[in-house]
Amino acid sequence: MKAQKVLVPLDSSAISARTVKGLIAFKKRLSPPLTLLHVLDLSMLAILGFPEKTRDEFELRVRQEAAQFIAAQKDLFSAAGITVETLVKEGHARETICALADSGEYDLLVIGRNPVSGLRDLLFGQVSNFVVHQTKCPVLII
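Under the working numbering, think of the first position of the sequence shown as 1230, with each following residue one higher.
Treat the hints with care, as some may be off.
Stated by the list, open to error - Simulated crosslink set (DSSO-like; lysine-lysine; CA at most 30 Å straight-line): (1) K1234 to K1250; (2) K1250 to K1318; (3) K1318 to K1256; (4) K1303 to K1257; (5) K1250 to K1365; (6) K1234 to K1256; (7) K1318 to K1234; (8) K1257 to K1318.
Said to hold, decoys possible - Computed spacing ranges between beta-carbons, pair by pair: (9) G1333 to R1290: 30 to 36 Å; (10) L1369 to A1243: 35 to 41 Å; (11) K1256 to R1284: 39 to 45 Å; (12) Q1233 to L1289: 31 to 37 Å; (13) D1304 to R1284: 27 to 33 Å; (14) D1336 to K1257: 14 to 20 Å.
It is worth saying that the hints were derived from the structure and are not from the lab. Cβ coordinates follow ideal geometry from the N, Cα and C atoms, glycine included.
Given the sequences, and given the hints that come with them, work out the whole structure.
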């Protein structure tokens, strides 16, 4: 049986923390390595109106925090005996996750979703809701 390449987008939300716990609990059913993805949306910095020097410093800090975040997620999986690879990509989370999932490199996308959805999703949208409806890659929702 061919090992599946699994993409797992994560952010600093409670939903992602729950996704990590769920994947670790199901580690015997996983075919490592998993690819952990963190999407860094720098477009919001332009809206905030920083002076150029301050913006560059803030952007550097955000990049460092993203690298620290994904390294901490890797450590959680490593402590559980699960091999992972990590990626930090820049862009809008929705589009970046879909593009990567549909790139042909991955067989499965595992994403967390807030159980409280419905009208809130309809009005404000969730990344997971968008991804589930837009990607061609099979999706497992945790």
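*Of the hints given before, which are not true for this structure?*
10
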